[in-house]
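Protein chains in written order, with numbering that gives the first Met the number 0: chain A, 0 to 200; chain B, 0 to 251.
Since the hints were derived computationally from the structure, they do not count as laboratory data. Treat the hints with care, since some could be wrong.
As the list claims (entries may be wrong) - Using C-beta positions, here's what the derived DEER-type ranges look like:
#, chain 1, residue 1, chain 2, residue 2, range
1, A, LEU110, B, LYS191, 13 to 23 Å
2, B, SER194, A, ASP50, 20 to 30 Å
3, A, LEU110, B, ASN147, 31 to 41 Å
4, A, ASP50, B, GLU184, 40 to 50 Å
5, A, ASP152, B, GLU184, 39 to 49 Å
6, A, THR111, B, GLU184, 29 to 39 Å
7, A, ASN139, B, ASN214, 20 to 30 Å
8, A, THR165, B, LYS179, 36 to 46 Å
9, A, GLY164, B, ASN83, 33 to 43 Å
10, B, GLU114, A, LYS94, 21 to 31 Å
11, B, SER194, A, ASP166, 19 to 29 Å
12, B, GLU40, A, VAL26, 23 to 33 Å
Claimed, not checked - Straight-line alpha carbon distances no greater than 20 Å define the calculated DMTMM-like cross-link-like pairs of lysine to aspartate or glutamate that follow:
#, chain 1, residue 1, chain 2, residue 2
13, B, LYS240, A, GLU188
14, B, LYS117, A, ASP50
15, A, LYS192, B, GLU71
16, A, LYS195, A, GLU24
17, A, LYS19, B, ASP63
18, A, LYS115, B, GLU187
19, B, LYS117, A, GLU89
20, B, LYS36, A, ASP5
21, B, LYS240, A, GLU138
22, B, LYS36, A, GLU188
23, B, LYS66, A, GLU15
24, A, LYS115, B, GLU161
25, B, LYS93, A, GLU15
26, A, LYS65, A, ASP30
27, B, LYS93, A, ASP5
28, A, LYS192, B, GLU40
29, A, LYS195, B, GLU71
30, A, LYS19, B, GLU71
31, A, LYS115, B, GLU188
32, A, LYS195, B, GLU40
33, A, LYS19, B, GLU40
34, B, LYS191, A, GLU112
35, B, LYS236, A, GLU188
Said to hold, decoys possible - Negatives, chain B to chain A, calculated, CB over 12 Å:
#, residue
36, ILE51
37, ASN83
38, PRO109
39, GLU114
Since the structure is predicted, the reported quantities are computational estimates derived from the model, not experimental observations. A virtual CB, placed ideally from N, CA and C, is assigned to each residue, including glycine.
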Amino acid sequence: MTAIIDYGVGNLFSLEGSLKHIGEECVITADEAVLRRADRIILPGVGAFPDAIKKLENTGLVPVIKELAEIKPIMGICLGMQLLFDVSFEYGTHKGLGLIEGKVVPIESKLTEPLKVPHMGWNSLNIRKTGGILKYVNENEFVYYVHSFCAVDCDDSITATSVYGTDITGSVQKNNVYGTQFHPEKSGETGLKILKAFCEL
Amino acid sequence: MLAKRIIPCLDVRNSKVVKGVNFEGVRDVDDPVSLAKFYNEAGADELVFYDITATHEGRELFTDILKRVAGEIFIPLTVGGGINTLDDFDRVLKSGADKVSVNSGAIKNPALIGEAAKRYGDQCVVLSMDIKRVDGKFTLFSAGGRINTGIDALEWARMGQENGAGELVVNSIDTDGVKKGFDIEMLEEISKRVSIPIIASGGAGCIDDFTRLFNAVPGVDAGLAASIFHFREVSIKDLKKELAKNNISVRI
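So here's chain A without its partners, still in its complex pose (with noise of 0.2 Å):
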């Protein structure tokens, strides 16, 4: 069974959908127990982090959340998984949880041309290191992104990129914490594979 964190953030319709699509059993909770029982767990997020991260520190989730990903798979997409880095520079500096070395800096910052943000739309992945969540997935295969942060100064832990002018992270790996920047639960086909993996660590 699968946990999507349940902090009151984004829409959780697709993600919940597409889980069950690819049969996988899911429960959307908050609750302690259900993640202790859970085989894996998802850190869904949209919108801004420091909202995000304050919600979730505010379930109590926190301590529980770094406990687990010692034993379970764990992965966050889009702004679950910059929720996984050190720290965040969207409005102001904020913590994140520390599971992978890097930080959350503004799509602007590393642009050298001036293209269009948010980072909207599909792009291909250009995969670093296969297997994981990457498992069923190959090179240029297309994936949905909507974002205007990204992660750098993780290049040990990228498993896959997307250029947007430069390379962009898209999907993340260190140990059991997994992360995509784009949306596998919108990706169609692709998507429904990398969750398939997932599912399947």
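Mind docking chain B on chain A? Use the hints.
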């Protein structure tokens, strides 16, 4: 590389997809859920659903259809039609929409764009505009293209971005349903004034119209059409192949 998006638009009334010429004389086409599945398999990058019912019962039927689509199709869904309040945003987002398209509702209450952007994020708010040339000026129309608001459409686009819209749908009433190509001139003018993604709508008649669109106005991110896809006049697969051949980045 970021792909240009191809977006079929489904106007839904009384549980059926309909499409008219110049917004009048609508006729039934197909069941929205099966059409949505068909487009997903054909390679559509996103789907836009417009609820063109006006009754409460119609709204509920529409929300049910939306839930069924969102439960089976995992690509971005944009929903518009009858979006006038934050409660309307809430209703469709809870039924599985990823983005909400607001048109007449934003004309009646321009603050709606900013309030929705603040609550749900810019990426969620799509400002849809129906534009027609009146005395040589791009003019904003409301109520499905029936009412001339007298508002300068180019200024409205710029203000929409300033207020927090994350994307623009630019629909040319002059070219809509005519199938002679997108309104390149109008799209160029809008593109000069905003930096958010632009979805071009109105006028697609053949594959070449899309090639011309993306080549002529690099600031356009997506092409939207309805009837040519619904009546199988253009297949999305063939369209994308042709775009790729012309070095336009698409998801294949």
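Verification of the supplied hints:
no., hint, result
1, A:LEU110 x B:LYS191: 13 to 23 Å, "20 Å, holds"
2, B:SER194 x A:ASP50: 20 to 30 Å, "24 Å, holds"
3, A:LEU110 x B:ASN147: 31 to 41 Å, "40 Å, holds"
4, A:ASP50 x B:GLU184: 40 to 50 Å, "42 Å, holds"
5, A:ASP152 x B:GLU184: 39 to 49 Å, "45 Å, holds"
6, A:THR111 x B:GLU184: 29 to 39 Å, "31 Å, holds"
7, A:ASN139 x B:ASN214: 20 to 30 Å, "23 Å, holds"
8, A:THR165 x B:LYS179: 36 to 46 Å, "39 Å, holds"
9, A:GLY164 x B:ASN83: 33 to 43 Å, "38 Å, holds"
10, B:GLU114 x A:LYS94: 21 to 31 Å, "30 Å, holds"
11, B:SER194 x A:ASP166: 19 to 29 Å, "22 Å, holds"
12, B:GLU40 x A:VAL26: 23 to 33 Å, "30 Å, holds"
13, B:LYS240 x A:GLU188, "19 Å, holds"
14, B:LYS117 x A:ASP50, "12 Å, holds"
15, A:LYS192 x B:GLU71, "15 Å, holds"
16, A:LYS195 x A:GLU24, "12 Å, holds"
17, A:LYS19 x B:ASP63, "18 Å, holds"
18, A:LYS115 x B:GLU187, "16 Å, holds"
19, B:LYS117 x A:GLU89, "15 Å, holds"
20, B:LYS36 x A:ASP5, "29 Å, violated"
21, B:LYS240 x A:GLU138, "19 Å, holds"
22, B:LYS36 x A:GLU188, "13 Å, holds"
23, B:LYS66 x A:GLU15, "12 Å, holds"
24, A:LYS115 x B:GLU161, "14 Å, holds"
25, B:LYS93 x A:GLU15, "12 Å, holds"
26, A:LYS65 x A:ASP30, "15 Å, holds"
27, B:LYS93 x A:ASP5, "15 Å, holds"
28, A:LYS192 x B:GLU40, "15 Å, holds"
29, A:LYS195 x B:GLU71, "16 Å, holds"
30, A:LYS19 x B:GLU71, "10 Å, holds"
31, A:LYS115 x B:GLU188, "17 Å, holds"
32, A:LYS195 x B:GLU40, "19 Å, holds"
33, A:LYS19 x B:GLU40, "19 Å, holds"
34, B:LYS191 x A:GLU112, "17 Å, holds"
35, B:LYS236 x A:GLU188, "16 Å, holds"
36, ILE51, "23 Å, holds"
37, ASN83, "20 Å, holds"
38, PRO109, "22 Å, holds"
39, GLU114, "15 Å, holds"
The structure fails hint 20 only (numbered hints given earlier).
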